[in-house]
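S.K.: Following the hints, position chain V against chain Y.
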Amino acid sequence: MKLTSEAAREQMFTRRTLFVGAATGGLGLVLAGRMAYLSIFEQEKYKLLAEDNRVSVRLIPPRRGWIVDRNGKPLAVNQPDYRLELIPEQIADLEQTLADLTRLLRLPPEEIARIREAAATQPKYLPIQVASGISWNDFAAINVRLPDYDGVQPVRGFTRYYPDGQAVGHLLGYVGAPTREQYLAADRDPLYLHPAFRLGKDGIEKVLDVPLRGKAGARRVEVNARGRVIRELSTVNDTPGKTVKLTIDRDLQSFAARRLGPESGSVVVIDVWTGDVLTLVSMPAFDPNAFSDGISHKEWNTLMADDHNPLINKTVQGLYPPGSTFKPVTALAALEYGISPDATVHCPGAYYLGSHRFACWRRGGHGSVGLDKSIFQSCNVYYYTRGREIGIERIASMAKRLGLGHAYEGLSLPAQREGLVPTPEWKRRRYDKEWLTGETLNTAIGQGYMLTSPLQLAVMSARIASGRSVVPRLVSGGSTPGTIDVDPEHLARVRYAMGLTVNGPQGTAGRSRLPIPIQMAGKTGTAQVRALTSATRGANYRSIPWKYRDHGHFIAFAPVEEPRYAVSVVVEHGGGGSIAAAPIAKDVMTFLFAPEIATAALEKLEEGWGREAAQREAVAAAAARAAASAPADSEPIPDA
Amino acid sequence: MLNSAIPERLQALPWLMLLTLLALGGFGLAVLYSAAGGHMRPWAFNQGIRFAIFFVMALAMSQVPLSWWLRAAYPAYGAVLLMLLGVEILGAVGGGSQRWLDLGIIRLQPSELMKIAIVLALARYFHYLPRVETQRWGSLIAPAILIGLPMALVMLQPDLGTALSIAFGGVVIVFLAGARMSLFVGGSAALVAAVPIAINFLHDYQRRRILIFLDPDADPLGAGYHITQSKIAIGSGGLSGKGFLSGTQSHLQYLPELHTDFIFATMAEEWGLLGMFFVLACYAILLGWGFSVALRARNPFARLTAAGLTCTLFFFVFVNLAMVMGFAPVVGIPLPLMSYGGSAMMTAMILIGILLSIDRQREETTIGEGPSSF
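As they're listed, the protein sequences go chains Y and V. Mapping the first sequence onto this note's numbering, position 292 (from 1) lands on 278, and the numbers just tick up by one. Mapping the second sequence onto this note's numbering, position 370 (from 1) lands on 862, and the numbers just tick up by one.
Bound conformation, chain Y alone:
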């Protein structure tokens, strides 16, 4: 169109303006439609999203159930604890915040590194623990400054506390933050991501984790876009975990741990009628309290480097040849075979199998040895002879009936080891070789392939003492055990002989009689770590490096006439059972009947080796120096 006149120009303007106006009107309608669509048809969806925005559910980790001993005394409890957490996505300047917190809390560099790493790797909305166990003063100081720190939140929580520390380390285990694998295995349970949530990682804490754990609570809070809580909407309290009552006697446990003192070893005490484990101590141990908040690399490395293996629960994981503590088993097998207890064997100091010489621990021999003497004098030749007569199968059968060679189902401890009761069938399977008679001889005195854990020795001792098929248990309850398939008269005879070991005039553990009017029965044992010449036994014993010294074993029960408690003591590299293990068993057993006397005896001992670890090391070092210069005592050491 040619714009020939002003009218034409005006007409064009009008048309085009109307077109533009219509277009704007159209777009306006589109906007109106969009508004209606969002607020009518999608209202539900956006309402939910707005609510999601507004309301945040904060999990409250459940308080872990207590672990108490048989008398209700606490073994593991929860201690209130002030912690500080930070949420990376709410923090504008992480470095600045970390610097400030470092100053306020005196955080060590490795902690800062840990926080940085967590901030870099885990989802940004998850809280990271900055510090725990903050003192009230520091906590208050931080609370005052908190408005300046978005994304940093104080938390009042609980940490696991074990009043007895190391004494219960192996028994109870420890708690720790869940690993990524555990989180995935738990179907990504959000509780696992809570910085205060702890899982049982070992021992009772691990096995009974589910009942101990409880149920998480939740706090519904209104939060702003930066995650700051504006107000609380509602709270569902957590359900604390169940209190678990153990069969353990806390005082005895703690006493036994102290009594082991500087030694590396274990003490197990079992109620011979029920199987209740009163004490399960393995020393040295870690302090489970050190793990509650996460253990440092340094602490961990120290534990790893210790040649006394503080990380291994020797009561169920330590395997040793039982040595002479096994002799009652062979004795029972012989009785069952029909050998009269009064039938004697002549011990000239050694037994010959063909041209091979099997030595008795007493070079001069025991002379004429019957069953009683074979036990209280621990004569090897007697057992070589009987072992050869009855054969390996009968010995193995008796050993198994007495609880050796297998793990105990239902015992609430992880990582039990089964030990080994060797048989010809086993040897064929394992080595594809025939059983040798000499191996029967070795097995008869508890050497060779035979392996037992201290717990198994205690069970064996308890079964001999009661004639019941006791199975160790750590949690109260359950049925009373039935009888074992062993002639009660045979058991009575062996018990009598074991009584003589401690109380007879010539018993190998004669020095470990109880200082109270109750008699203990026992059996010493020494497990060779490496064949020692008789020259290095006895007099020059202390010149042998610690790790090559024999393990000392002792099993016992008391009272002899009507046994109630069975004890097994293993002292690694402690030398013979009579010098290393029996005195410990004596004190532990004494504690059961007369705690004051036992405690007094212990305190006297502790003066010798030092109550505190540092003191202990100093004493040990002094002793080592003294041993190097002064002539060692030349008292003969009985037993093998």
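I should point out that these hints are in silico values taken from the structure, not numbers from a laboratory. There could be a bad hint or two in this list.
Claimed, not checked - Okay, the calculated bits of chain V under chain Y, using three or more residues with CB under 8 Å as the criterion:
1. 724 to 738
2. 767 to 773
3. 780 to 792
4. 800 to 810
5. 826 to 834
Keep in mind that this is a model prediction, so the values were computed, not measured. Even for Gly, the Cβ is constructed at its ideal location relative to N, Cα and C.
M.R.: Just chain V, lined up with the frame of chain Y:
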């Protein structure tokens, strides 16, 4: 004309439109009051003072003779262009983007004023352009330069939203002035073809905004957060809203810039669809009035200015609403008359003042001293 009695002049004002304006502004203040958690400070009070001052200013501007606007068109354009240049130089010196001139009393944003200056300048150009020249290609060279210069300067700031609005205002006038239809058809086609190239010239953050606009869920906590939260605010309001002072999205700070660019979402959450329709209706009345002023005006300058300014106002309203509803990328354009901020309020009120002035003098066929066309 200035000697007519004041009451008579007041009576002549378009009161329905002015009441709408007051309603809109007042509603904006209520939303700002709520956005501050039920407090006059920091926003509602300042904005109320500003609104009152600028409203009176607009009324005063309604009394300005048309010839003044015509005469002022080029000098104003030139002055604003110089200011833009000044901002650009200062910005370059200061290192970084700078959009305002600090004049001591007020921090003036020249790009805001350019939205109006470009309309006036182009209207004047076409006002004096001989009819026969209107459809010649050669006559488009000057408008292209007039539009291109400020656009380039604003793009450099960089402020894509404002640059586009300047272009929009200019192109609308060229269209309404009667340039060949083929120019616009071809131009649109060329523009579509140029989009991929243009994207290359965008800043990274601008490009990201556009990509995220296309898929806000791709980055729900980052750049897509604005759009997502805004849609949640609008959608969760429902028909009648969550109630005054009860918006959770806004009060719990989920909504970004709740008092400026996203004020419509803040409002929608508490007042719902009814509130949104109310605001939309207010703008419809204002814009409808603006177009009617353009249609009734009797000379080219007045017509073009009125239509151009109305379209500029529409552009702001539309882009802002489309943005908060997830229809357009987040470009940082305030909602005229409601969003908190001095420069935007001033621009909107100047625009309305000029429209009022044209409305009052719509019967003038010639402007001041000379003929509308020679």
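S.K.: All hints are to be evaluated individually against the structure, with a verdict given for each.
M.R.: Do the hints match the structure? See the list:
Check result for the segment 724 to 738 of chain V against chain Y: holds, 8 residues qualifying (beta carbon to beta carbon below 8 Å, three or more required). With 3 residues carrying a beta carbon less than 8 Å from a beta carbon of chain Y, the segment 767 to 773 of chain V meets the three-residue requirement, and the given coverage holds. Counting residues of the segment 780 to 792 of chain V whose CB lies closer than 8 Å to any CB of chain Y gives 5, which reaches the minimum of 3, so the coverage claim holds. Counting residues of the segment 800 to 810 of chain V whose C-beta sits closer than 8 Å to any C-beta of chain Y gives 3, which meets the bar of three, so the coverage hint holds.
Residues of the segment 826 to 834 of chain V lying with their CB closer than 8 Å to a CB of chain Y number 0, which falls below the three-residue condition for coverage.
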